Amino acid sequence: MSPEVALNRISPELRPLLCSVVRNGRVGLDSTNCLRVTDLKTGCTSLTPGPCCDRFKLHIPYAGETLKWDIIFNARDPELPPDFIFGEDAEFLPEPSELPHLVQWDAGDPECLLQLVKELIQQYHQYQCQRLRESSRLLFEYDSLLEDPNYSRSMEIYAGHKNSWTGEFSARFLLKLPVDFSNIPVYLLKDTTLDPGEDVALLSVSFEDAEATQVFPKLYLSPSIEHALGGSSALHIPAFPSGGCLIDYVPQVCQLLTNKVQYVIQGYHKRREYIAAFLSHFGMGVVEYDAEGFTKLTLLLMWKDFCFLVHGLCKRLVSKKLAKLLNLLPSLDQLSLAKYILSQSN
Amino acid sequence: MAASISGYTFSSVCYHSANSNSDHEGFLLGEVRHEETVSISDTQISSSELLQVVEVHNHEPCAQLFSFYDYAGQVNEESLNRILKDRRKNVIGWYRFRRNTQQQMSFREQIIHKQLTQLLGVPDLVFLLFSFISTANNSTHALEYVLFRPNRRYNQRVTLSIPNLGNTSQQEYKVSSVPNTSLNYAKVIKEHGAEFFDKDGVMKDIRTIFQVYGALQDKVQSVCGEVEQSERVKEKVQEEVNKLKQQIVLRKRKTTDEERRLQEAQNPEPRLTPEENTEPPETSLLSRVAFHTPSTPERPGPSANPPAYADLLSLQNDSLLPFSSSPTSAALLPRPQAVGSPGHPSPSPLGLGLSAGPNPAPSPGTPYLGNGDGSSSDSLDRQAAGQEDDEEDDDDDSSEYENLVSEVGQLPPVSASVLLQGRPAALSPDGDASVRGSQT
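Respectively, the protein sequence lines represent chains D and X.
Letter by letter, the first sequence follows residues 3 to 348 in our numbering.
Letter by letter, the second sequence follows residues 3 to 442 in our numbering.
A portion of the hints provided could be inaccurate.
Under the rule of at most 20 angstroms between Cα atoms (straight-line distance), these lysine to aspartate or glutamate pairs were calculated in the EDC-like manner [said to hold, decoys possible]:
| # | chain 1 | residue 1 | chain 2 | residue 2 |
| --- | --- | --- | --- | --- |
| 1 | D | 43 | X | 51 |
| 2 | D | 262 | D | 228 |
| 3 | D | 59 | D | 136 |
| 4 | D | 59 | D | 91 |
| 5 | X | 91 | X | 33 |
| 6 | D | 70 | D | 41 |
| 7 | X | 116 | X | 80 |
| 8 | X | 116 | D | 91 |
| 9 | D | 43 | D | 100 |
| 10 | X | 116 | D | 97 |
| 11 | X | 116 | D | 93 |
| 12 | X | 116 | D | 100 |
| 13 | D | 178 | D | 100 |
| 14 | D | 120 | D | 67 |
Listed next, with one range per pair, are the computed distances between beta-carbon atoms [claimed, not checked]:
| # | chain 1 | residue 1 | chain 2 | residue 2 | range |
| --- | --- | --- | --- | --- | --- |
| 15 | X | 40 | D | 124 | 51 to 57 angstroms |
| 16 | X | 35 | D | 41 | 55 to 61 angstroms |
| 17 | D | 92 | X | 143 | 23 to 29 angstroms |
| 18 | D | 121 | X | 35 | 41 to 47 angstroms |
| 19 | D | 49 | X | 209 | 55 to 61 angstroms |
| 20 | D | 154 | X | 143 | 47 to 53 angstroms |
| 21 | D | 67 | X | 143 | 39 to 45 angstroms |
| 22 | X | 143 | D | 14 | 22 to 28 angstroms |
Since the hints were made in silico from the structure, they are not lab data.
Bear in mind that the values here come from a model prediction, so they are computed numbers and not experimental data.
Just so it is clear, CB atoms sit at the ideal spot from N, CA and C, and this is done for glycine as well.
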């Protein structure tokens with residue numbers, strides 16, 4: 003259901019609340035998409051003229067899962083706070099005192115519902131962490147991560163249900179990696195059709211059993227970062243070492259990512275230098291060059307009445323050979339440069 | 003746990019709920035009973051089952067939402083008392099009505115339920131959830147109801163039974179166990195109850211029926227007394243009859259003896275045949291008495307050849323003709339006894355027939371009491387007992403056997419003719435029921 007349809011069908015008094023949820027609602031670490039609303043129903047009699055929907059299902063991404071919570075208002079009494087049904091998590095019962103936006107519900111504040119949902123997610127996170135107690139190994143992982151200030155604030159944990167047949171207990175950790183993407187050149191980031199949102203890299207580690215023998219890590223990058231780093235195939239994270247733990251593995255992945263980012267940034271700068279050097283040397287002979295990404299350069303050269311165009315393509319990084327060339331540039335004449343470039347480009 | 007709600011209470015709750023334009027809630031009033039069923043079976047001494055029965059008598063709807071709790075779900079006891087007033091002690095649960103939602107307790111409902119359990123002091127407080135589901139085009143509406151007992155960890159859902167809601171075409175209309183607690187109803191019943199109930203609260207009809215029953219019982223008792231008396235009289239008469247019969251027999255014996263003496267006096271030659279005839283009768287009488295319907299014709303002698311019918315007839319014709327027609331002599335003969343035998347005919351005729359044979363095997367001293375089945379003499383008692391239901395035209399009865407047994411010692415010299423007469427036709431293996439009238 004698209005947000006517009008939902009907003010049309012909901013009761014007018016509740017519209018502002020829902021608006022902030024579907025338009026701006028970003029909850030949790032994975033904030034690429036807004037919260038989704040489905041199953042819009044009414045609590046009024048069927049004779050009530052529409053729009054009068056006042057209850058719906060909210061889809062909230064959390065730790066790689068999607069929580070489907072029912073939110074129940076009453077169109078007749080829109081000033082009253084909503085009620086919730088937490089789907090399959092029948093045992094999740096947050097303490098109302100921990101939900102200030104419920105206790106002091108203000109129907110006039112459009113952000114109230116969104117804030118309440120955020121508070122509920124926090125409580126849900128606490129609840130899941132409590133459930134980790136069933137496995138000492140996973141609890142250890144959690145505690146060790148908690149101590150590290152880099153990760154303690156940006157962690158979502160989903161503890162799966164204990165499989166009553168096998169006694170297996172699974173859990174998933176979703177961590178936001180503290181990698182600085184701010185220096186990535188802008189041109190790399192803007193090539194996406196949608197609003198990219200925040201640049202974020204998330205590491206999801208699934209423990210399929212309580213003894214951490216089957217661990218599946220996965221890296222999620224926001225689309226712009228993924229593009230900047232060269233697509234989903236460009237980055238491979240190492241497998242989780244058996245017997246290892248998160249507190250060692252996560253910084254490893256972090257470092258890998260950071261290195262890759264640095265690599266990209268460096269490449270960009272190097273290419274810029276390279277092109278700049280050509281420009282300064284062959285200033286009059288430059289036909290065109292990529293002024294944003296510095297990946298292409300076209301020169302018009304002449305030797306003994308023979309005119310030729312040299313197209314230079316620079317993919318990502320400057321190789322050592324070309325770096326050497328840069329050093330030699332001032333002393334080269336046109337022909338030797340052309341010969342050299344021709345020989346190198348093959 | 004079982005739960006039941008009367009039909010009118012249920013419909014009242016539905017009415018209030020369906021007519022509200024939002025969610026609706028209220029309290030359920032009633033009582034909780036504990037039923038213990040003790041069942042005794044062959045495999046175990048006894049097993050008792052304890053069943054908790056929740057009965058909903060009435061409901062108290064709340065006028066609006068959040069009437070006794072606040073935004074945080076905190077229950078306000080004063081508001082609760084204001085709503086319930088003096089019915090607070092009858093509360094056994096509460097209910098909520100929500101349209102188009104799942105059949106699951108919501109967050110606030112769980113919080114409120116916990117507090118109500120504590121405040122009202124009902125450990126097994128129930129929660130009835132109504133949900134009204136409508137299809138998208140409003141063509142079909144379903145009212146679903148589930149009764150929860152959330153204070154238990156398992157088996158939280160309880161089936162709620164509504165008597166007489168369902169297909170009553172094949173069942174009787176049941177009287178509900180849920181009583182009607184309405185005040186008006188109680189008043190009317192009290193006013194008009196005197197016509198049907200007496201001062202103890204028992205229906206008058208029941209008393210009259212009991213009186214009829216008592217009268218019938220008295221009657222039966224008096225009839226029993228009369229029957230007993232008539233039985234005693236009958237016994238006496240029977241004894242007299244038996245005595246008379248004995249006298250008749252004695253007299254007959256006397257007359258036969260006299261006749262024999264006369265004959266002997268007239269015919270000095272010894273007559274073997276009559277002696278032969280007389281001797282075996284002793285044994286044959288014994289064997290006859292002991293007849294008990296042998297399955298196969300047990301011959302008293304190893305050389306048993308069943309005498310031909312003609313022989314029997316000739317024997318009969320030879321002697322004691324005047325007795326052949328007397329019905330009383332027939333009364334001496336034991337009746338065919340099928341009771342106690344594996345469906346086999348009476349042995350009496352065989353005994354009779356055999357008695358005419360040349361070598362009656364059993365000596366007079368040894369009464370042949372076997373009946374061929376291998377069963378022993380207790381068959382005598384069996385027969386004696388079983389004789390009672392035999393319909394006889396003549397006035398024979400079971401006591402006749404005992405008489406005959408006692409007569410064994412008394413009547414050894416009875417003539418063959420006496421024994422033989424009236425029995426030849428009974429030689430057939432099936433026994434001739436027509437002779438004696440019955441073969442039970």
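Cross-check of the supplied hints:
The suggested pairing of residue 43 (chain D) with residue 51 (chain X) is violated, with an alpha-carbon distance near 45 angstroms, which exceeds 20 angstroms. For the given pair, residue 262 (chain D) sits about 11 angstroms from residue 228 (chain D) by alpha-carbon distance, which is consistent with the 20 angstroms threshold. Between the alpha carbons of residue 59 (chain D) and residue 136 (chain D) the distance comes to roughly 30 angstroms, so the proposed pair goes past 20 angstroms and is violated. For the proposed pair residue 59 (chain D) and residue 91 (chain D), the alpha carbon gap of about 14 angstroms is at most 20 angstroms, so the pair holds.
Proposed proximity of residue 91 (chain X) and residue 33 (chain X) is supported: the alpha carbons are some 9 angstroms apart, at most 20 angstroms. Between residue 70 (chain D) and residue 41 (chain D) the alpha-carbon distance is near 11 angstroms, which keeps this suggested pair within the 20 angstroms criterion. A threshold of 20 angstroms between alpha carbons decides the hint, and for residue 116 (chain X) with residue 80 (chain X) the separation of about 17 angstroms falls inside it, so the pair holds. As the CA atoms of residue 116 (chain X) and residue 91 (chain D) are separated by approximately 18 angstroms, the hinted pair is consistent with the 20 angstroms bound.
For the given pair, residue 43 (chain D) sits about 29 angstroms from residue 100 (chain D) by alpha-carbon distance, which is inconsistent with the 20 angstroms threshold. Annotation: proposed proximity of residue 116 (chain X) to residue 97 (chain D) holds, straight-line Cα distance about 13 angstroms (limit 20 angstroms). For the proposed pair residue 116 (chain X) and residue 93 (chain D), the alpha carbon gap of about 14 angstroms is at most 20 angstroms, so the pair holds. Under the criterion of a C-alpha separation no larger than 20 angstroms, the hint pairing residue 116 (chain X) with residue 100 (chain D) is consistent with the structure, at around 18 angstroms.
Between residue 178 (chain D) and residue 100 (chain D) the CA atoms are separated by roughly 25 angstroms; this puts the pair beyond 20 angstroms, and the hint is violated. Taken as a hint, the residue 120 (chain D) and residue 67 (chain D) pair is honoured in the structure, with Cα atoms around 16 angstroms apart against an allowance of 20 angstroms. Between residue 40 (chain X) and residue 124 (chain D) the beta carbon distance is about 55 angstroms. The supplied range of 51 to 57 angstroms therefore holds. For residue 35 (chain X) and residue 41 (chain D), the Cβ-Cβ distance of about 41 angstroms falls outside the hinted range of 55 to 61 angstroms, so the restraint is violated.
In this structure the hint that residue 92 (chain D) and residue 143 (chain X) lie 23 to 29 angstroms apart at CB holds, the actual value being about 27 angstroms. Under the hint 41 to 47 angstroms, the C-beta atoms of residue 121 (chain D) and residue 35 (chain X), about 44 angstroms apart, fit the expected range. Under the hint 55 to 61 angstroms, the C-beta atoms of residue 49 (chain D) and residue 209 (chain X), about 57 angstroms apart, fit the expected range. Distance hint for residue 154 (chain D) and residue 143 (chain X): a CB-CB separation of about 51 angstroms, consistent with the stated range 47 to 53 angstroms.
Remark: the range hint 39 to 45 angstroms for residue 67 (chain D) to residue 143 (chain X) is contradicted by a beta-carbon distance near 34 angstroms. Our hint of 22 to 28 angstroms for residue 143 (chain X) and residue 14 (chain D) holds, since their Cβ atoms are close to 25 angstroms apart.
Consistency with the previously given hints fails for numbers 1, 3, 9, 13, 16, 21, ordered from lowest to highest.
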